[in-house]
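These protein sequence lines map, in sequence, to chains A and B. Numbering of the first sequence is given in UniProt numbering, commencing with residue 1 and proceeding in unit increments. Numbering of the second sequence is given in UniProt numbering, commencing with residue 1 and proceeding in unit increments.
Don't read these hints as lab results, they were simulated from the structure. It is possible that some hints are incorrect.
[Said to hold, decoys possible] Calculated cross-link-like contacts (lysine-lysine; reagent style DSSO-like; alpha-carbon spacing at most 30 Å):
no.	chain 1	residue 1	chain 2	residue 2
1	A	Lys192	A	Lys176
2	A	Lys192	A	Lys151
3	A	Lys176	A	Lys151
4	A	Lys251	A	Lys192
5	A	Lys151	B	Lys308
6	A	Lys151	B	Lys348
The residues making up each chain are set out below.
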Amino acid sequence: MADETPLLRAQSVSLRFGGVRALTDVSFAVAQGEIFSIIGPNGAGKTSMVNCVSGRYRPTEGRILFEGRDITALRPNRRAGLGIGRTFQNLALFAHMSVLDNIMVGRHHLLRAGFLRGMAYWIGGAQREELEHRRAVEEIIDFLEIQHVRKAPAGTLSYGLRKRVELARAVALRPKLILLDEPMAGMNLEEKEDMARFITDLNEEWGMTVLMIEHDMGVVMDISHRVMVLDFGRKLVEGTPEVVMADEHVKRAYLGEVEAA
Amino acid sequence: MSGMTPAGDFRSSYRADTTIFPTRGSRVALLIGIAILCTCPLMLGRYELGLLITIGFMGIAALGLNILVGFTGQISIGHAAFFGFGAFASALLAEHHVPVPIAIWGAGLMTAVVGLVFGAPAARLKGLYLAIATLAAQFILEDFFARARWFTGGVAGRITEPYTVFGVSFDREETYFYVVLAHVVLMFLAAANLMRTRDGRALVAVRDHYLSAEIMGINLAYYRTLSFAISSFFAGVGGALYAHYLLFVSVEAFNILFSIQFLAMVIIGGLGSVMGSLMGAAFMVLLPELVQVGADLLAGSAIDRALKLGASISFLREMVVGAAIILFLIFEPDGLAHRWRLVKAYWKLYPYSH
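Bound conformation, chain A alone (with noise of 0.2 Å):
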């Protein structure tokens, strides 16, 4: 495992606002096949690391590795296509298309009928195409539950169900690495334990890699292979559940500075 190129690479990542230091000096290496976890107090750069991955944000300094290959100053839309699929933290779904067709857009760059053979449909294999990647759509739709609303449009949907939709949406883009911010925040114990379910399942039946970011501790330490903690931007710890639950700095981060008996 070691001497494997990693699935993505970030070598000492920096993010300034003006004076703001967001990040200072990051770096870390997810493996294929892992899911790792970034945790952290609010405003420590958790956001801002994942979206320096998404393409949202360039790195004022530092280089971020998708599969060996520089992507810092690559554009967002075309990290799609190498593989990169994320969820939003406040969501961020198209209001207005049904549920179906939000999930459909996650397979843009692997649909090819441009706007005339759109057009066309009959003639000139959109429809075929159309046809297929429905197929493949619902596979998706099944695995998540949410058939019962595939033609609601995404705005009317309750807060559960459209961050279920958006993971849907990330899926479909077929990632190999796929960031998650927050799927869990605001949910229900009943809705936790079911998004739990889905990650793991996407984890080792459909064989992504999950970077994700997460307030829930139970759920973080259960299911992460491996841990990274940010505090003020900079990484404090990174390691197994166990080594970073134990570690010293975390506890003063999270609790606050431990008094000498």
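We have chain A already, so just place chain B on it with the hints.
This is chain B only, laid out in the frame that chain A set:
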């Protein structure tokens, strides 16, 4: 529309689940509707046919604007200029011995290229800034029409050829009606198809949430500009049909007021609705005619004398059109297409509407 399929309508293939017209009833209704339209020239007078033809080519152009404004969420206050460009381009092509049926599509393509040029700022600008950029397109093109005599015939205007296929001339309302009908059916099918495939979904995704659209692999600059090109293509074809209907195109018709009328059509018809574009065009074409009838009845009547309206009656028309737009924005912002869906839902559920 979900949950509005009739009981017993179970789709057993994805193909049956992705049709434009979802139920058998709607498909039959469509065919009957087209059949009735085909008999119109036998039953209606030239005036009524003229109105239908106008609704047709205005509807095509309005559909183009709806793809830009309703589906992609951009804005253009220069649509009439593109409509005009299509009209002159087709007239010019026809003069150079291009058969009119081909010239119409050629004019559409030429307008699409012009739209691409003026739509280029859309790759970077949004909202008000884009509105001003398209306003510039309107004035630049208007100025171009006034100066480029080789293209427009200058202030004298340009005579155009009638629509002719194999020596048969479609130069009367009764025959030209079929030409416009065919183009309307073709263009509306194309738009409906576009919206249920990859690039159409990408346009809507750009409208609804451009940041996540980009993460999904959609190239924002490409689709924003593409939307302008497609929109201008529809405007160009609509304008060309207009040119070969009137057989004369004059420079001053394609002003900013006309552009705003197109915006009114898509707002009244329903932003983001293919059929709504046609409904909006019909509304905007028919409303002034109806008001005119009302004004004619009013003139010289007791109300006229009591309120001393006199010459102001002729302004009634403009006022009613303005009022209609305002009322729609307040009471029916989703447009006629939405109202039509509600009416359908009402009848489907009647009498148990709760």
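Results for each hint:
1. Lys192/A / Lys176/A: 23 Å, holds
2. Lys192/A / Lys151/A: Given pair Lys192/A, Lys151/A holds - Cα atoms ~24 Å apart, limit 30 Å.
3. Lys176/A / Lys151/A: Distance ~28 Å between Lys176/A and Lys151/A Cα, so the pair holds.
4. Lys251/A / Lys192/A: Since the Cα atoms of Lys251/A and Lys192/A sit roughly 24 Å apart, the hinted pair holds (cutoff 30 Å).
5. Lys151/A / Lys308/B: Violated, because 57 Å separates the two Cα atoms, which is more than 30 Å.
6. Lys151/A / Lys348/B: 18 Å, holds
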